Every structure is written in structure tokens, then in C-alpha cells.
Amino acid sequence: MFVPTVLGAVFDLSRRPHYVHWHFFQMSVVNLLVIALMVVVFVAAILLPFPHRRTEP
Amino acid sequence: MASPRDAAPPWTGPYRSYDIVKELAICIAVVAALATLLTILFSSPDEKPSTIASWARSQPNDFLTTATAELDGSSDTAGYGPPYNHAATGQVIGPIHLQSWLGVSHPVNTAVDYVLAPLATIPNDPALRAALGRYAAAPPAQRSAWTDAYAKTIGRAGSGRGAGPVAPMMTALLGLAQSGGLDGALLTSQHFYQTDYTKPLLFLADGSLLSDRAQAQHLLGDQWGMMNETGSYPGQVWLWLYTFWYQIKPFSTSDNADALVWALMMLLSVAFVCIPFIPGVRSIPRWIPLHRLIWRKHYRAHAGPAS
Amino acid sequence: MSVETPRERSWTARVRTRAESALPPEKLLPDRQPAYVASWIYVFGALTIAALLAIVVSGLILGLKGPAWWHVTAIGRFFNGIHLWSVEIFFFTMVVHLWGKFWMGAWRGGRSGTWVVGAITFLISIAAAFTGYLSQQNFDAQWISTQAKDGLNAVGIGAFFNVTNFGQMYTFHVILLPLAVVLLTAWHVLLVRRHGVVPPYVRSAAVARSEEHA
Chain A
1 MFVPTVLGAV FDLSRRPHYV HWHFFQMSVV NLLVIALMVV VFVAAILLPF PHRRTEP
Chain B
1 MASPRDAAPP WTGPYRSYDI VKELAICIAV VAALATLLTI LFSSPDEKPS TIASWARSQP
61 NDFLTTATAE LDGSSDTAGY GPPYNHAATG QVIGPIHLQS WLGVSHPVNT AVDYVLAPLA
121 TIPNDPALRA ALGRYAAAPP AQRSAWTDAY AKTIGRAGSG RGAGPVAPMM TALLGLAQSG
181 GLDGALLTSQ HFYQTDYTKP LLFLADGSLL SDRAQAQHLL GDQWGMMNET GSYPGQVWLW
241 LYTFWYQIKP FSTSDNADAL VWALMMLLSV AFVCIPFIPG VRSIPRWIPL HRLIWRKHYR
301 AHAGPAS
Chain C
1 MSVETPRERS WTARVRTRAE SALPPEKLLP DRQPAYVASW IYVFGALTIA ALLAIVVSGL
61 ILGLKGPAWW HVTAIGRFFN GIHLWSVEIF FFTMVVHLWG KFWMGAWRGG RSGTWVVGAI
121 TFLISIAAAF TGYLSQQNFD AQWISTQAKD GLNAVGIGAF FNVTNFGQMY TFHVILLPLA
181 VVLLTAWHVL LVRRHGVVPP YVRSAAVARS EEHA
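Residue numbers (the numbering used here), protein chains in the order written: chain A, 1 to 57; chain B, 1 to 307; chain C, 1 to 214.
Simulated from the structure, these hints should not be mistaken for lab results. Predicted, not measured: the structure shown is a model, and the values here were computed from it. There may be inaccurate statements among the hints.
[Stated by the list, open to error] Straight-line C-alpha distance at most 20 Å; calculated EDC-like pairs for lysine to aspartate or glutamate:
#  : chain 1 : residue 1 : chain 2 : residue 2
1  : B       : 48        : B       : 222
2  : B       : 48        : B       : 148
3  : C       : 27        : B       : 76
4  : B       : 249       : C       : 150
5  : B       : 152       : A       : 12
6  : C       : 65        : B       : 46
7  : C       : 27        : B       : 19
8  : B       : 152       : C       : 31
9  : B       : 152       : B       : 46
10 : B       : 22        : C       : 150
[Unchecked claim] So the derived list for chain C, only partly shown, Cβ under 8 Å to chain B, looks like this:
#  : residue
11 : 37
12 : 69
13 : 73
14 : 194
Glycine residues also receive a C-beta, built at the ideal position from the N, C-alpha and C atoms.
Let the hints inform the model, and build the full structure from the sequences given.
See the structure below:
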């Protein structure tokens, strides 16, 4: 039976995060990172070459 | 009708071998590994809940102020309207009164539920019983005078002066709350088995404790809190548009903000579902041809006049 | 006018015949795709399904031990972590999948139903996640429920969907909404199998000429 040996967190995320403020716009840095990552992954998914397969008629 | 250039005639060109079962199996392995890694690195948040006992012990003055407001009907819950009571008509969208269309489905009488009924369960206290009797027998104007006087003296020297029976009632209620008895009374006084936390939650929310904790965690509405999680965890980024409307006029200054934002988001959600049928919107991918990047191999292989 | 045979009158036979003609085995589980299906963007649908599977399995484990388990044991906290991060991955991959499908105009060629079902699945998933946050039995659940009640009460929904009623929200979260998400996802995938992956936009003659001269 698999028992995870590391059950606690390596990094403690329970502390207060940093925020970005611009006029009425406020967002946590971590949320902005997630959104930025989505855009990066989307662009990468479109641009990165996909493995070539034999085509059939 | 859709533009002919949006047509997608059945494919008659070449095929390639594509193993969808293997693809799904690899995706399952990748997601399982990623979720496990993230859990090992960051775990998940678990801020302990507030109880009425912890509130009464850490912020006794705020507790007493809130309890007094529940007794004299000036608290947020007391003046809420449906579905808790008839004290207000609630929010509207133009002429439409959606808040009241299903009436009072979860009745809460703040004076009885939060103060009088719990106090009546305290045994062996003749002075308290006498105070409750005096309060019950007094006319509404006298009761208001007592609660007003009491509210002015909370946390000050001479606390309770001019408040008649309200002072000993509130002292007893504070003791009951600090012992944990009020948490129990609000949950299981009617039923032994209970999963409905409406009454204790409304009481807590009428005070400052939850909002103080929320502000520290950046969860308030004007902090775009709907998108946030406690601590530094990623939150609910997909709620960005829902919380956005609350930050701008007219919503940010409207008494009907909740109803108006909800109606707007329902409209936008329907529009999102119906994109294929909305002229203009459904043509955006053709006007901004990102698809030429996605299908660049196809377009290179089929260069020449369009079929 | 021909007379129906007993077999043709059979509801079972009719359902089977319709299912077979809509989704013959080679369409249900194809081992080949049109040559234009050659981009990493196409993988995000499968990633979303994989994340949904992780959510369901970790959710099953959490449900087996009851809602208080993850607060009091390290292994419970571990599976709660798997559940939370699977949800984050689920919405991440679903949004990338959605962006890809939008920019491909994937509703074309009679595929509007696929888009509609997918969009509804997205919205129902948000509701499922919302009831999950309400089922946490911690401060976050207390705050979310006491705030969200105002939005729902304002439009009368609070009268029959009470976010401060843990029992109701937990039931929605572990049974009703996951069932809806899984069924909608299955319907979405069957529609994709039935209609095939949307072909590329047909280039206009003007664009083709301009590309020839580039």
C-alpha cells in the first residue's frame, strides 16, 4: 500500500501574499502568475511542433 | 446565417494515425504526477473556522454590540428581508423584485433566536429570569430606550447604566457565548442532528470578526476577494469578470449591486454559450486569424487557390 | 405501405440502430485523425478529462472518510491537496482548451451543439467548485457562504439554494454537480466523436493569391 512519505508542505503558502495595485485593479501576484502561465502555455501549445506521423490517403 | 467562409465541409484529405487512448493515458499520468508534486510542495490551505465562543472571547465588545443590534432589530440580518424576514423588500432589477418572489423560506427572528431563546435555557438564575420577565413586559419604546442606552455604554465605565434589564441579559449572554453554549444552542436547539449553519453564520457575519479576518486575507469585495484564496495559494481566477463589475460604477455605489451583477453575468453567460449563433462574435476567429498558426502545416501542404 | 417487422418495432433495436449509425465503433474509438489534427492545443481536452478524473478519484477518497477527515489527519490533508490542485489544473487546462476552440471557430460545420454543451459544462464546473469551497468546513467556507448568500438572495435563489446550509451544499458537491459535470463531459466527447474535429477555415482566394506572391 502506497503511503506518502512527505505529507506536509515543503513551502509554506499560508502567509499573506503580495498584491498588485493599479487604480481600482487589485490582484494577488500568485493569481497573476497563473493567468500569465495560461497565456504562455496557450502560445507554446500553438507554436511548439507536434510529433510527425505517417499520413494515409 | 453563417458566412460561407465559416463553412466546414466534410474532410476528404489525408489522415494520420492518432492513438487517443494512449494520449488519455499519458495525460492521466502527467496530471496525477503534477497534482502530487504540487501537493507535496504546497499542500492546501485550512484556516480554522471562527466560533461564537472564540468571537465572544476575543472581541467581547463587538459581540455585545452585535447581540444588542440583534435584540433591537438594527443588525444587518434583522433588516435583511427575504429569505430571512419581512423587514425589507430586498434588491430589485428595475421593476423586478426577485429577492422576494419566493418569500421568507428561512425565517430568522434575531431578537428571539440570538438573545431571548438562548437566555431562557439558562437554569438556576432567578435574577436573569426576572430581567427577562421585565423586558418581555415592557412596551417597545421602553425596550428601545434600554437597548440604546446599553449600546452607548458597551466597553465603557458605568456599562449598563440606564439599560434596565438589558445589562444583566447581555452579561448572561456573553457568559453563555464564551462557554460555547451559544454555538450549540443556535445549531441543535431544534434538532439533534443538524447540518444547517445558517443561524450561527448570520450572527457571526453581523459582527466584525469574519470581516476582520477576511480583510487580513484580502478576501473583501473591494479587494477583488472573490478571486482569492487564503494565504498565498492560487485562487479562483475564473471569477475575475464576476468580481470586476463590483469595482466600477454604477455597481460599486448601487444598493442593488448584487442583483444587477448577477443579472449581467447571467446575460453574459448565455451569450458565451450562444457564441455560435451571434453574428460578428462568431466571425472573430476568422477576422483575427490565429488559426493560421494552429493549422500552418495544413495551409502549407494545401497552398494554392482555395477549394 | 410496408409493414414493420416485430424486430423493427422493438425499441431496443431502434435505439441500437440509431446509436450504431451515429457512432459506429471506428468513430467512437478512431485510431486515426485528419492530418490537420497536429498541434499540442488538441491535447488540452484530454488533459481536462484527466484532471476531472483526478478530481473525482481524490473526491471519492475524501468522501469515503467524511468531511472532517482532512482537517485531522496528514493523509487526509494530502488527498485534500490532490483534490485542490487537480481543480486548479482542471480549470487551467479547460480555459486553454476553450481559448483554442474559440480561435479555431470549432462550432463550424454543424458543431454548435458541441460548443454549447462544452460551455454549459464550464459553467456547471464553476458551480461544482463553488459548492466545494462551501464544503470545506473552515474559515474560507464561512466567509464565502456569508458573502455569496447576498448575491443569491438578491435574485431569490437563496430561498431554495442555501449556501449556509452545509448539508445541502455538501450533497450538491459530492453527488448532484459531479454527476452533471461527468454526464455533460461524456455528451461533449460523444459529440466530438460524432462530428469529428473541426476542419481548418477555408482560405479565401485573395489570401491564397497573396500567400503565393509573398
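Exercise for review: Would you list, in rising numerical order, the hints stated earlier that this structure does not obey?
Suggested key: As far as the earlier hints go, 1, 2, 3, 5, 8, 9, 10, 12, 13, 14 are violated by this structure, in ascending order.
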